[in-house]
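Residue-level listing of the chains:
Protein chains: 4
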Amino acid sequence: MKELSKENLTAVIKTRLQNSHKGTFGRSVLIGGNDSYGGAIIMSAEACVKAGCGLTSVSTAEKNHTALHARLPEAMVLDWTLTQEFNDLIDTADVILIGPGLGLDTHSQHILDNVLQQQKSSQWLVIDGSAITLFAQNHYSLNYPKQVVFTPHQMEWERLSGLKIIDQTVENNQLWQMKLGATIVLKSHRTEIYTANAKYKNPLGSPAMATGGMGDTLAGMIASFLAQFKEKEAAVCAAVYLHSFIGEELGKENYVVLPTEISKNLPYYMKRFEQLHNKTEEKR
Amino acid sequence: MKELSKENLTAVIKTRLQNSHKGTFGRSVLIGGNDSYGGAIIMSAEACVKAGCGLTSVSTAEKNHTALHARLPEAMVLDWTLTQEFNDLIDTADVILIGPGLGLDTHSQHILDNVLQQQKSSQWLVIDGSAITLFAQNHYSLNYPKQVVFTPHQMEWERLSGLKIIDQTVENNQLWQMKLGATIVLKSHRTEIYTANAKYKNPLGSPAMATGGMGDTLAGMIASFLAQFKEKEAAVCAAVYLHSFIGEELGKENYVVLPTEISKNLPYYMKRFEQLHNKTEEKR
Amino acid sequence: MKELSKENLTAVIKTRLQNSHKGTFGRSVLIGGNDSYGGAIIMSAEACVKAGCGLTSVSTAEKNHTALHARLPEAMVLDWTLTQEFNDLIDTADVILIGPGLGLDTHSQHILDNVLQQQKSSQWLVIDGSAITLFAQNHYSLNYPKQVVFTPHQMEWERLSGLKIIDQTVENNQLWQMKLGATIVLKSHRTEIYTANAKYKNPLGSPAMATGGMGDTLAGMIASFLAQFKEKEAAVCAAVYLHSFIGEELGKENYVVLPTEISKNLPYYMKRFEQLHNKTEEKR
Amino acid sequence: MKELSKENLTAVIKTRLQNSHKGTFGRSVLIGGNDSYGGAIIMSAEACVKAGCGLTSVSTAEKNHTALHARLPEAMVLDWTLTQEFNDLIDTADVILIGPGLGLDTHSQHILDNVLQQQKSSQWLVIDGSAITLFAQNHYSLNYPKQVVFTPHQMEWERLSGLKIIDQTVENNQLWQMKLGATIVLKSHRTEIYTANAKYKNPLGSPAMATGGMGDTLAGMIASFLAQFKEKEAAVCAAVYLHSFIGEELGKENYVVLPTEISKNLPYYMKRFEQLHNKTEEKR
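Chains as they are written, first to last, in the UniProt record's numbering: chain A, 1 to 284; chain B, 1 to 284; chain C, 1 to 284; chain D, 1 to 284.
Derived from the structure by calculation, the hints contain no laboratory data. Mixed in with the good hints, there may be bad ones.
Note that the list lumps identical chains together, so a pair holds whenever it fits in one copy or between two copies.
To be verified - Derived BS3-like pairs (lysine-lysine); straight-line CA-CA distance at most 25 Å: (1) Lys232 / Lys264; (2) Lys252 / Lys271; (3) Lys199 / Lys279; (4) Lys252 / Lys264; (5) Lys252 / Lys283.
Kindly produce the complete structure, drawing on both the sequences and the hints.
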């Protein structure tokens, strides 16, 4: 397995071209947040906006709209009933993230069905949280080439692959990556990434980050990086590494690192790696 | 074209007279924010208040009132149904901003009609975002002298003027400025301003600012400066330059600059330019 | 007229006794905030809590409860319909503030009637903003000794006293103070205070503070100081001076000072004056 | 009585194991916040999350959900009607906190009944605020071994034990601790803790902390520490001491310390004590 390092960040986070506009950095649509788990999709949205996605829209239960706007007016909102407007919104996306706080009821199921059917070949789809469980329960398959990233923790990976935690070896995981035909971000205190081409291991991650919402934040970052950067495999690796890197940095001064603190610090740390990239280039 | 510079700020942002009260710095009424785009008008309001407008009122869909108050209790709110209260509010304004998150439906159209009919010769009107698109769709004309500022990005300017982006040359833009009889703030990574008297080019602007909501923030700043400063053309130029100046400054430490961060830093940077103005005066 | 100075602060803001509890620092009930002006009562509440009042309750239109809690969970809320609960709440207060964002309609009038009738001789009542206008319109009189503070700006003082702004001389104001039998905080860029015993002039105040909500913040501070400090006249003077003092300090680095920034800085500046008081005592 | 000291913190707040996940640090369910006192349960939740509990859920009146999410998306919410979902949530908890802002009406009573009946022997239950008053009014008894912590102030302790404040001597308090069979955190400016094994006195506490919401914050910290740390008596002692320690530290620069400021500083101060622990270990 390749070990992720700072080079995974400097390879991706480059100086933006002067002649850019918000469209240059992609459109993400984030779907999740039922009546109890609205905070999850809010945390994903904060990560997505602050990691640099050009335009972020959130489709969530109406109950969550005010809290989202109160924290993050930069995001647009849409109720998550399956209207024409919902379908139109999905259609505009470069990246769709589904799952944070989505829940497991029938409505959530319908939304996932709908998104899986609608996904266009140009779009990336990140499937997180309860959407992974729903995907597993319904024995979906991605039976044609799709640009999909799953972000399971070990229990969700068991549901998706059938592999018990003890059987989640690198070889077995890689086998299931091939069967699914998707990128797998297998979250643990040392997250692993499985793609069609390679396997990566994240050497970072602090126990200060072991608190609810960290996964929602990571999912938002992955969506944002996919929307914004061209090399998609590299973008996923960079998001995973940066999430842990910031967590470790903040964990030096804090016993607990809140997910929203990771997001708050994204613009600063991304700049540091842009500058590091430029310094490295200069030396060459 | 004249290139904007720090002198455009020091010429406008002067030390306030001791004997001032909130009325001295004008009343702005901001109209926008439908059920999906409430964040837009919230961002405009934050910019307007923090740039120093004396009194800021927001007319928006009721859904957005709580989020606005949670972020900015300094602003007053009114539902945007076309009641007598709405008309009374419009009547008190020194500056009206319409458009951020307004949307394109029939209700939005009615509000724009209403505002265009009601505008008094003493009032300034800033037309932004979807209000520009509605204005273009309805083939409105400003067939008598009106104090209007349009703030289109290049696509909106195409809709308004009919000029395709490739044809948006300085000469053509100036021609259309005359036809419309309004001030044009043509937004791009190097924003241009066209007035009856002059043409300006903004040399600043960072790609870190290429994120949703930047335009809403600029529109709020323009409204605030028009409400507060006497020389209106100079006020528009100062708002445009300051917006980019802060964006560039924050962009030195941040890969992405959120629109709300620009607003948060307005009081500090405006003070710096007031002080710079005073130092320049002393030397004379 | 006596000129307010730092001594008005060191005389009031003393080191709290170790054996204190929240009841030691008084209960304030703040009433205001209709459907359009909810921000006003939120700003008063922030000032009241952060200036040290032990317990702060807010009675406001239900529409404003969520925004208040989102900013300030330290305050309790109650709908402002005239229920038994409302009367019970009023009954517990050491200080009642009525007026910020109250509005001028019939319901607002009923609430003011109710409060004026219910006020007990042990309670202080601060009448601010639209409650002053309502008081004037209804030709109320305080025909028995009441502990009342009015906080009019010059236009409201004209309504209350009948004195046109040009006639608002020290002598005339003092005369009307006696007729009303209340403390008058006459707000302008150099606020004056009239009591039965004395006249004070505030030498401070920055034009950076000339923005909507400053008066709501001052009213909240006055309520908090009355609830917390024993010498009531001294408490009012201290609140007025501190409000401007903080405004001037923040105005050195900011072109505009938001009302909520004044409140945010209250705990820090109050500590500074407590420390100054103790140093002065040591020297004696 | 043993006097609490920094050693009570270094004994508890140790370096987290690398191989941790959010489940490692426990699940808390917080119940409270009626239509008027929503702020109380919000403050408890902030303390619980920021003190390091792995997963925090809040069951409160629906009215409070948006404000909670706007401040703290890390928490999950559930309406507090007595549904199957409510019972399922309770069932998952390691620690249940009931009381902050709960109120005293029939519904609040039903919830308390329900929680007392449902509590499993593996779960800890913290009874605070109005839940203490309800417990006293209903002459409940804990007639079998339960893991309960009561957090009364002196008036609530009078209601619970029948001991008038003047009779709340160490001996009498200890006697009542035994009768109740629960841990008692008796709050005052020098809080005392009574357990089956020992008596503790807190030497810290600043009058700057004498403001509404401090108790709600302490209750949230106690729940968080019980969820997260193994030694339960030590966890309660650590929470009490840390709450006052942070209050005293912030009180050096602030005349008033808001409860939410205590919570905001938890991650930083907990890290300091982790580091202090490690230094002490090294010396051995």
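Now the hints, each set against the structure:
With identical chains, the CA atoms of lysine 232 and lysine 264 are at most 25 Å apart within one copy only, with a shortest distance of 24 Å there and 34 Å across copies. Within a single copy, lysine 252 and lysine 271 get their C-alpha atoms as close as 20 Å, and across copies as close as 8 Å, so both meet the 25 Å cut-off. In this homomeric assembly, lysine 199 and lysine 279 never come within 25 Å of each other (Cα to Cα): the closest approach is 28 Å inside a single copy and 39 Å across copies. In this assembly of identical chains, lysine 252 and lysine 264 lie within 25 Å of each other by CA distance both inside one copy and across copies; the values are 16 Å within and 16 Å between.
In this homomeric assembly, lysine 252 and lysine 283 come within 25 Å of each other (Cα to Cα) only across copies, at 21 Å, whereas the closest approach inside a single copy is 30 Å.
Checked against the numbered hints listed earlier, the structure breaks hint 3 alone; every other hint is satisfied.
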